[in-house]
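Chemist: Generate coordinates for the entire structure from the input sequences, incorporating the hints supplied.
Those protein sequence lines, which keep their order, are chains D, F and V.
The working numbering puts the first sequence at residues 1 to 281.
The working numbering puts the second sequence at residues 282 to 595.
The working numbering puts the third sequence at residues 596 to 917.
Take the hints with a grain of salt, since some may be wrong.
[Said to hold, decoys possible] Here are the simulated DSS-like cross-link-like pairs (lysine-lysine), alpha carbons at most 30 Å apart as the crow flies:
(1) K513/F / K723/V
(2) K618/V / K513/F
(3) K769/V / K793/V
(4) K618/V / K895/V
(5) K793/V / K723/V
(6) K725/V / K513/F
(7) K352/F / K374/F
(8) K107/D / K441/F
(9) K769/V / K721/V
(10) K723/V / K670/V
(11) K5/D / K411/F
[Said to hold, decoys possible] Here are a few chain D residues that sit away from chain F, every Cβ distance over 10 Å (derived from the structure):
(12) F8
(13) A25
(14) T119
(15) L219
(16) R242
[As the list claims (entries may be wrong)] Covered, in the sense of this in silico footprint (three residues per stretch, anywhere, with C-beta under 8 Å from a C-beta of chain V), are these stretches of chain F:
(17) 446-459
(18) 495-502
Keep in mind that the hints were calculated from the coordinates and are not lab data.
From a predicted model like this one, the values you see are computed outputs, not experimental measurements.
We put the CB at the ideal spot given by N, CA and C, even for glycine.
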Amino acid sequence: MNWIKQFFFRLYHEPMGFFGMILVALVILSALFAPFLTTHDHNALDIANRLAGPSAEHWMGTDQLGRDVFSRVVMGSRIAVWVALVTVSMSLGIGLVLGMMAGYGPKWLDAALLLLFDTLRSFPTIMFALALVTVFGPSLQTVVIVIVATTFPVYGRMVRTQTQALGNQEFIVAEEAMGAGMVRILGIHILPNIVGPLFIVASMDIPVVVTIEAGLSFLGVGVRPPTPSWGSILNDGYAYIRNTPWIIIFGGLPLIVTTLGFTFLGESLRDIFDPKLRRDL
Amino acid sequence: MLFYLLKRVGLAVVIVVVAVVLLYSMIHVVPGDPASVILGPRATPEMKQELHELMGLDRPFVVQVVSFLGKVARGDLGMDFFSQRPVAQIVFKQLDETLVLVLASIGWAMLLGIPLGCYSAVFRNTFSDKLVGFFSIGVIAVPSFVVALYSLLLFAVTLKWLPAIGAGESGQYMDQLRHLILPAFAIGLGWVGYIARLVRASMLEVLNENHIRRARAFGLPEHMIVFQYALKLAILPTITLLGTGIGRLISSAVFAEIVFARPGIGKLIFDSVVSRNYPLVMGAVLVSTVLFVLSTTVSDSVNAMLDPRVRERL
Amino acid sequence: MAEPVLDIRNLSVNYLTPRGTVKALRRINLQVPSAKVVGLVGESGCGKSTLISTVIRLMAENARVAAGEIRFTGKDMQQLSPRDLRAIRGRDMSMVFQDPMTALNPVFTVGRQMADIQYRDAVSRKEKLKRASDMLSLVGIPDAVSRLDNYPHHFSGGMRQRITIAMALLVQPKLLIADEPTTALDATLEVQIIRLLKALQADFQCAILFISHHLNVIAELCDFVGVMYAGELVEKGSVRDIFHRPGHPYTRALLECDPSVIAEPTRFLPTIPGEIPSLIDLPEGCIFHDRCPRAAQVCKKTPPPEVSLAEHHTVACHCLEV
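Modeler: In structure tokens:
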């Protein structure tokens, strides 16, 4: 418990991280309690009241179908948080396994995996996504596949480098000499030493992932309507930008809050736990 | 150096080949007739038949891929069945606009980001340094398409200072420039932060090095020390970043081009996705991937040339 | 003695650290006469490097001059503006650093760097490069003209140190500060560099403040020697005095520990027992008392006075056998 206490203490004295944590808490709470926070059914149509400005009834106004923007924004946080959790943990898992294989396995495997990482990282993410969408059609799965495929190489490379660095250290070499198996070495000695920095990088990846999801949904190739995503709310608002700017304004705000929150938090986490860690750009 | 270049170019070629194979084989993964996947719902049976013969869809898959690779190597990206024009021609026509946008964005981001980074490093731990750091993280975090939408709303729709859509009349440079400002602002803003942070970090590292102390001990003027002796070393990571940066900016350009309804490769891909025109999508994605790989390769090589130690070790 | 080039009076320097104030230098008095070589010896951490970075005013951010003054050619260095300081550095005062491998900027040619330090002189770049190559030949770099276009990594460590010496002398300084210039080099190179410095010093007639922890280097090169221990200058005098009639117990111990003066084969090299005291909580009395073989009761209570043994030869000790 002590380190948790210390963590919050440090964070409290790091204004940026504290600010980030508040924003992140806001997003996560709104995702958790979304059904209790919404003032309307987020999919209920009210054509008579379409494109109405902000009012006491509709805090953020209504969209082109008369749906309550506030309720859609709140429900949108669920999609954002869900996508972030799923994709980042999948990327982490894949990156961890492949990275350790590359770092600890035979040389040819290392070369092959490195080539895979480099190739996947060399795709312009959004365009890759668009190509996939043409073939498979727009869906949440496509979004997840694209994000995982383009983010796991970053983890893979990082894990590989760390595994190699650790693998050459004396205590590992000694373990090997005593006949320890690969699973034992990777699981007991290498894994615990690399998860820390990995989690920090992952926390800094969340805003990137949220941005990709919202971006694809904004382009109309992500989450299918009528599911509310911040990106699709922005897409709805874009068509009416000249007369009803509030949809854009309120659709963009939660994105800014989320990305800023996670970025500030991630930066502070890194400063606190691992000042030397440099994100592989 | 030559060996390094060869190795680097070799890697680039491999990546492009993998990209081609991946893009080509994607249509075979989904169940059903590849021809209808490629051409989408608008295709007539005659077009499908024609495509079957043209692509040799009845031949073994490996043969198809190899023959497609061969065509790509000759610059033939296939035909657009709807307009009956070569894909390569359509894509390259749009490429200029995107390149102008990308270069303008990275250009202004560097012009602002490098001095900001130097300033922050020289006045480290002061209030203004912290302010620059806060600003940098903030602009990196905020998605560029939100910046694009907000700036469209503020500067074009509400204040009407700048035009909202299009790329301006061709030939009218002032008009084109006015159309360029908002999109370039939107996708360059995050890079100001990136560059400032990177320059600051590497500058701090360099300023602590021994040779800088020696330069100070010889009384060299501070501007000479910072902007020549230190910057030439501190700029190296930034140049590497720019390589991947140009590639990523091509991705962000998709959004800027759509938000501001600008012609360009991103808009082209998007329109082709909407109309399910796979040959065009494939061609355009391929060209942007090549561009991406090219910019990384070039930046790595430039980096090697700037640093004489790297240059000769390779 | 004429007015010294460098006159350090009663200098104290502190470092502010989270653990407390480190009193790195205390009441240093040292003069460097013009055209003479003054050596400074002492163990690592005794404040030699702090002293020179204070002299050239390139101190660490947390360093503070607590007392005293540094006069360079009559000017009080503490009072000078950054601009005036810069005017002194690299013209009247220049420096050779410890590690030749990192002392040159890796991405500029040697010629460029040697031309840049003459930026004040209103002569053509060609002339500056000419001076640079002349200087390089003087320090023994063959084929100097063509080597101006080389980058630092083309040169070996010894060659690089010759280059930094060339740079330091190129500006024809009144005072050259050499911060352990041979520590990073192997023994044969060390001898070469010392001989070179000695010969050049005779030619250029500049004063040198030479820092080393190597006694025979000091003996070979210097006219005067200062011995530092834990931030204090415990003894200073002419080379002859220090090496033949050392007054301070620490100086004696230092001389006895020098491997090159040990005549008989022995299994253990002699060492000075004990450790350097903490510079945060300074002991009362003499700084050396807990390691001193001759420590008396008075040494634990009162700081020792400065005793003059001969002209220029002073020792800070209670227990001198006069």
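Chemist: State for each hint whether it applies.
Modeler: Status of each hint after checking the structure:
{"no.": "1", "hint": "K513/F / K723/V", "result": "22 Å, holds"}
{"no.": "2", "hint": "K618/V / K513/F", "result": "38 Å, violated"}
{"no.": "3", "hint": "K769/V / K793/V", "result": "15 Å, holds"}
{"no.": "4", "hint": "K618/V / K895/V", "result": "19 Å, holds"}
{"no.": "5", "hint": "K793/V / K723/V", "result": "25 Å, holds"}
{"no.": "6", "hint": "K725/V / K513/F", "result": "25 Å, holds"}
{"no.": "7", "hint": "K352/F / K374/F", "result": "19 Å, holds"}
{"no.": "8", "hint": "K107/D / K441/F", "result": "60 Å, violated"}
{"no.": "9", "hint": "K769/V / K721/V", "result": "25 Å, holds"}
{"no.": "10", "hint": "K723/V / K670/V", "result": "29 Å, holds"}
{"no.": "11", "hint": "K5/D / K411/F", "result": "27 Å, holds"}
{"no.": "12", "hint": "F8", "result": "21 Å, holds"}
{"no.": "13", "hint": "A25", "result": "17 Å, holds"}
{"no.": "14", "hint": "T119", "result": "5 Å, violated"}
{"no.": "15", "hint": "L219", "result": "6 Å, violated"}
{"no.": "16", "hint": "R242", "result": "6 Å, violated"}
{"no.": "17", "hint": "446-459", "result": "violated (count 0)"}
{"no.": "18", "hint": "495-502", "result": "holds (count 8)"}
Hint compliance for this structure: hints 2, 8, 14, 15, 16, 17 are not met, and every other hint is.
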